[in-house]
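Enquirer: Listed here are the chains, written in short residue letters.
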Amino acid sequence: MTELDTDRKEVSISEFFDKNKQMLGFDSPQKALFMTVKEAVDNSLDACADSGILPEITVKIEELGKEKYRVEVTDNGPGIERSEVANSFGKMLYGSRFFKERQTRGQQGLGISAAILYAQKTTGFPTEIVTKVEREMTAFHFVLDIDIKKNSPHKISEIPEIWDTKSGLKITLVLKGKYVSGKQSVEEYVRESAIANPHTTFHLILPDKAIDIDRSVNEAPQVPIAVKPHPHGVELGELISIFKEYENQTIEEVLEDKFSRVTKQTAKSIVEKSKLKDKKISKLTRDDFEELMRTIKETDFMEPRKDCLSPIGAEPLFKSAINSFKEYHPAYFSQAVVRGPFVFSGHPFLVEAIAIYGGDLPKEDPIRVLRFANRVPLLYQSGSCAITRAVSSLAWNQYGFSQPVKDQLPIGPLVIAVHVASTKIPFTSEAKEAIATVPEIMDSLDLLLRGVARQIKTMRKKEAHKSQVAEKFALIEQILPQIAAKSSKILNLEPPDITPIISKVMGVVAFREIDGELFAENYTEKSHSFKVVLKGEGTFTDSVKNLKPFQKVKLNFSREIVSSSEIYVDLPEPILLGAYTLPKVFKDE
Amino acid sequence: MNEKLENIVKRIYQEMSAGQIPKVELKSRNKENILFDPRSSVWKYGESTVKRYASKANSAKGILKMLYIIDFVDEMTAGLKTSTLREMYYISEGWNLGKFESQDESDMMVEDLEVMTNYLREEMRLRPEESGASVIGNLTLTELNRKGEKKKINCRDDVGDGGYTIPYNVEKEKVDLVSADVDFVLAIETGGMFDRLVENRFDEKMRSLLVHMKGQPSRSTKRLLNRLNKELGLPIVVFTDGDPWSFRIFASVAYGAIKTAHISDILATPTSEFIGITASDILRYDLPTDKLTDKDIQALQSELEDPRFNIPFWKGEIETMLKLGKKAEQQALAKYGLDFVTDTYLPEKLKENGIV
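Protein chains in written order, with the numbering used here: chain A, 2 to 590; chain B, 47 to 402.
Chain B extracted, bound-state conformation (with noise of 0.2 Å):
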């Protein structure tokens, strides 16, 4: 049994024994104990702890849930299975009283699991339901498949035009990076996009990797980029819509999110480049534009207050945006042909921010 986990259950054994009201201890996840380090620009965990004693009821239950959890991932450790998320929420209905309220509620103790032993929980065996994001371009990894045996796959030689499927689990024992011929990795927010570059073979033709992030990208899309960055030293470009969403999606690419505080380490990758769509694209390329909405204005300016955006580049996009009241779309480029993309637009902005 993983050691961490069984520490876990040892001490409340232990505590028992001796007579003791049985406690777990991790770090506060309150959102006073989640600060912005400016000198590795994620967020982190501050330093307060917090003790759930199973004197009360809900923290007892708290308490018996994790045992079950650790039990779970016990199993299917020895069963060499994994489980969805969603998957646990539903087989805790057997757990007595440990089963699970909601899934936030049991995607929430995970999260904790993950804080109080620095386990991923794709490590242990529980991933989430949305499906992978794609990659293409030349990167050879090796993938751990389902038979046990380590598969070699060239990323662009050995996939067809959708491109190679990120596993919900991108640590190390799983896939390893090989070699990558290529001088940059996109990440780009929208399929068609992706499809766009994919059929104008960007990838080819500007040395790069193009890496499909399904809007806000998940744990393992991230963790692959960050990894890329770490291991094979390729700059990480992100490429979104024109609007306070997608600006999120780089922030959460860039430095984390509030949620996964406890691994931004591994998530987030700091040196990331915006490249648009941005609000002064929106003017110099004379874009096709929606209206802000309500919401849009709100989500500006509150990332006015976000520390992640608190330097001059983003303070002078937001506020541009919110003088023209207006966003663009990614495939909003189109206006100008369907190769403008690939011949005239990233070509420009990638030379004009150093990358080529």
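With the rest of the complex left out, here is chain A (with noise of 0.2 Å):
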């Protein structure tokens, strides 16, 4: 960012934009059209975030010729003062958040302005703007372009306007675009921001569909605190900006009051041994700040401020993915998991998983990563992602999926939604595609996704003994009863009585699931004493003293452990329906 910084002030910014069409994101129609959507959706949702508002965003986008599209995205945020529009929305690198530390969506005020630039250069029009604040009566109406020469925005009108709501922005771009669906489309954006944002309704009008995805929570997340930057997570090129900035104090006071956990006593002695003292920051030279950056990476702090994150949360997570997924009627969902905050090179983060298993979802294909990064979702750069590469190192067969080549994805109806949250995401370019492979990232990663591997291999195998179960039952409830009763209709005779043979059936002491309870019930022709022992996130056990032949018993379990357990029984396993035999191993426990 700050080589940027300085660059700017050298070339046009047209030529500045030219040069990083790729980095900016705008190096062709289909990826402009949907970097333009992108880069507004993440504003409104970032806005909404700052003042706890639950957003609403339409998104509509109009055909207006070939390759010529109009792209309009509204929100109910809180609007922008009149008198901040155009130097928000015209300026280049406006509003980036120097000295803090946030966990934010952009983490620069590059992106809308790129999208305006790129509008005006593709297709000549300006860029309209209504905003409403909620103390002004009415929406003010703006239409402006960039002067490129200047790199200043230029407003070329401003009319109020009626706009009935209580606050909310509307931002207008006409720009040379290709409208796609499926992959990497504007569609799969907002659809994957919605699981990220399960706090967000969504109205998505395109050129051959209209989509409404409603809020699947009711609540705004929490406001993810800003925080001073932690001494081992800047860069040289951050570290003098910073003190640039209070050039009148002394290197001890900006160390202890701009940075997080530097005590007087850390910062007096970061200073001596950098061999500093009593030296003015505005006679600091390049090599002096070299020396402060080699003295800091010494020097042992404590961790940073973990409570500045913001997770999408274990239960919302949960809700979204039923929102998003529900249409493929998938066999389960698994329980949203969330570890950390972490630390690595000075900034927390925290990772969250959840993952989606069966039903329509397609069998032969590779399994499906949903990559987010501080709740916007990454839709290229897959394979570097560390995403896609703790999920591709994790050994799938034993989870029971099959994984035709070591490390790459595996192939089932599976979907594994994977955030990354942090002050700081580690992208692995300034496009910010894919999230870098830092060691730390990748080893919670891998503690994360096993845990939800786990989960989804449980409740395939739980999945096989609820067959088993369902099937055996089917056959003496309701097979073998209609045998009965068609058999005696056609010879017009008596029902038979067919206890004898559900016992021969059987024979077996079954465990059955009923509305979530566990059941036991003897089909032998012998009284059964057996322990039972549920093992999930934990071991829970039970036992039944002489269960009569035909008797049925409640297992003394909380739904929650019967529906996330595997079921053990001490009995041997060719009278088992519904269980596993107890390993030797666990009956001493």
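Derived from the structure by calculation, the hints contain no laboratory data.
These numbers come from a predicted model, not from an experiment.
Using N, Cα and C, we set each Cβ at its ideal position, and we do this for glycine too.
Incorrect hints may have been included.
Stated by the list, open to error - So these bits of chain B aren't anywhere near chain A, every CB distance computed over 12 Å:
| # | residue |
| --- | --- |
| 1 | Glu52 |
| 2 | Arg57 |
| 3 | Arg242 |
Stated by the list, open to error - Derived list of chain A stretches under chain B, where covered just means 3 residues or more per stretch with a C-beta under 8 Å from a C-beta of chain B:
| # | segment |
| --- | --- |
| 4 | 464 to 475 |
| 5 | 486 to 495 |
To be verified - No more than 30 Å apart at the CA atoms, straight line, and that leaves these computed lysine-lysine pairs for DSS-like:
| # | chain 1 | residue 1 | chain 2 | residue 2 |
| --- | --- | --- | --- | --- |
| 6 | A | Lys259 | A | Lys425 |
| 7 | A | Lys364 | A | Lys425 |
| 8 | A | Lys490 | B | Lys73 |
| 9 | A | Lys505 | B | Lys145 |
| 10 | A | Lys364 | B | Lys145 |
Reconstruct the complex from the two isolated chains, following the hints.
Expert: Next up, the structure:
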């Protein structure tokens, strides 16, 4: 960022844009359309998050001509003050939040201005912005473009307008684009955004369809707290900028005040070690800063604050996964798992994931991995992303999935959604399309994914048991009685008693879930006493004394335990249905 | 109620009353148990049998489905109705757990019942979808029509140019063969050729009975050919296209098919003669041809392994066709004019085969 900052003075903004098209994500018409929507939606979500508003966002795309589209994004956010509009939208690099670290979607103020500039360059259309803040009676309708020579916003008009809303913002751009559906499309972006932002309602009006996605939770997430940077988390350029901003203070003071976890004592010892005592900040050379940086790296600090992160949260993630995938009728959703916060290079981060299995999800394709960084879906550069790598590096055959090529995605009807939240996401490039494989992040992802994969494995095994049990009970409760009824009806005779046949057909002690409760039923000819062990997140035990033939008993486990555990019983395998024989190792526990 | 069907139900009921797991028993319909009997020259079942016990959900469902079919057949018999196999498949929607997953499943189960009882599905009032083939020639028969009257029909004088339509059930109680004043039966594969022979009045000129098989002949067509041969002593002559698939049509008329091995005796006519188009005909008459496709070649090669073709005549023809790499349609004979087939080709071939 700092490099761009200094470059800015030497090259015209237009040249800069052309040179960095790819980095900014505007290198093809298809991607440009996607990026424009993404930047606008991310801005809306951030604005709502800041003011604790439950977002309702409408994205409308109209085709105006060949490769020419109008994009309109409307939100119910706080709006922008009239005096700020031009700068917020028209000036590259405006609004970057220096010296404070915080989990935000965009970490630079470049995005939407890039979209405005791109629109202007490809179609000549200025951008229209309608904004209403709560304390004003009317909204204001701005038309603006960017003065490329001066790199400054140019307001073409500003007129009041009636907009019947408490507050909000609408931005309209006309640009050269290419509308696609499917992978890496606007639709995919919005659908995935809905998963990572369960508190948001989306309306999507596309050239070929309209989609409404209702929010799945009604509480806005906690606003992430801004914290001072941790000394281990700053780069040299950033360090220099911070010190330059406070030139009339001492080095010690800046270290102590502008960074987190630096005590007076530590600040003093850093200055001494760097041999910078009594030196004025304005006199510091580049070598001095490098020395200071080295000392900081060698110094131990308390870990950064971790309470500044805002996870999607297990329950909201679970709800939004159901909301987004219910049309596939999945066989099951794993519990959402949140792990962390952890720390890498002075930055706190956390990871969370959920898995969706079965139903109409494709069985023959590689599993689908949904990647999120600070609630923003990542749709490009999947192969080089830490999340994809971590998923691929799991030994999936241990979890019952075929993985034809090692370190590649396994095959099966599975979707895994993974979110990494941090005050600083380590992206592989400025394009922010993939998360770098930082060892700390890889380790935490590995742990997280194992947990999720284990859940899927348990559920699949349970499912196999369940269908076995269901089949047997269908046989004795429905099919055999129907055979008895039908044959006697044809012959005009009384239906035979089929009880002896049932015990012959079954010959087992069956374990069956009825409305979430676990029951044991004895279909053998003898009485049995046995121990029942449920293993899932923990181990739970119950025992049954003297269960007589054709007797049924409810076991003493809560529904949650029953639904998430495998069942083990100390009876031999041939007379068990719906449970595993308890291995010796457990028996002694 | 039909006795053999009733016996199946009785056995199931008695087993249940005795506290035993009910079962059905039938000849194994496994490929290994279907053998080509060289003496009678037809496919037949071997001796091995299978028992399907109601101790597994799937086979129990099978038994339940069978009971539903038996009950359904009984109902139809009482109401003098018939149903297509497809109709029965749809009717099974209302049979609870006895509902069929696919028509293949219900068709298969009807065949199971045939294997178990030796009743034909036609006798169980179940018929296939396809419409019957046609017959033209001096054959007199009676057919029991839907009014319950025995109607006498001469298949030359009482029918139009479309001919007499073979009903799905040609068993004696439905169709009675009275007399025929012809020397042989010519079973023809394609409609185009059948119509050509009708127009050229080949039935009168060569004292023949023309039967249109409509491609692979249905069970009732094969059954009628079998009865014409057995009861009226008429030789059956098969006239098809010259390609591997048509060879199979002949084989199924003559020797039966694996699927119907349990009723080969009444469907197959082992004395049938194949008259053409042969591979040698292609050379001899210099017929217009098409190239053999990869599938054709595979089919010919597997026919070399098929016991039904294990005679020098067929081995020679199949090898010739493979060598030529060519096949020809019946209608390719039109190269020499519309009358060539009736004036030259068929008389020559029939004479050589000793039929006339």
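Enquirer: Per the stated criterion, does the least C-beta distance between Arg242/B and chain A lie above 12 Å, as a non-interface residue requires?
Expert: 50 Å, holds
Enquirer: Against the 30 Å threshold, does the CA-CA distance of Lys505/A and Lys145/B hold or violate the hint?
Expert: Measuring from Cα to Cα gives roughly 26 Å; hence the hint holds.
Enquirer: Tell me whether the statement that chain B covers the segment 486 to 495 of chain A is true, taking a Cβ distance below 8 Å and needing three residues at minimum.
Expert: Answer holds; 7 residues pass the 8 Å Cβ test.
Enquirer: Can we confirm that no CB of chain A comes within 12 Å of the CB of Arg57/B?
Expert: Answer for Arg57/B: violated, closest chain A Cβ roughly 9 Å.
Enquirer: Please work out if Lys490/A and Lys73/B have their alpha carbons no farther apart than 30 Å.
Expert: Roughly 27 Å separates the two Cα atoms, so the pair holds.
Enquirer: For the pair supplied as a hint, Lys364/A and Lys425/A, confirm whether the alpha-carbon distance does not exceed 30 Å.
Expert: 36 Å, violated
Enquirer: Taken at face value, is the distance from the CA of Lys145/B to the CA of Lys364/A at most 30 Å?
Expert: OK: Lys364/A and Lys145/B at ~27 Å, within 30 Å.
Enquirer: Has the given pair, Lys259/A with Lys425/A, been kept, meaning a C-alpha gap of at most 30 Å?
Expert: 17 Å, holds
Enquirer: Examine the segment 464 to 475 of chain A for residues whose CB is less than 8 Å from any CB of chain B, and state whether their number is three or more.
Expert: It holds, with 3 qualifying residues against the three required.
Enquirer: Can we trust that Glu52/B is non-interface, i.e. its beta-carbon lies farther than 12 Å from all of chain A?
Expert: 8 Å, violated
Hint compliance for this structure: hints 1, 2, 7 are broken, all remaining hints hold.
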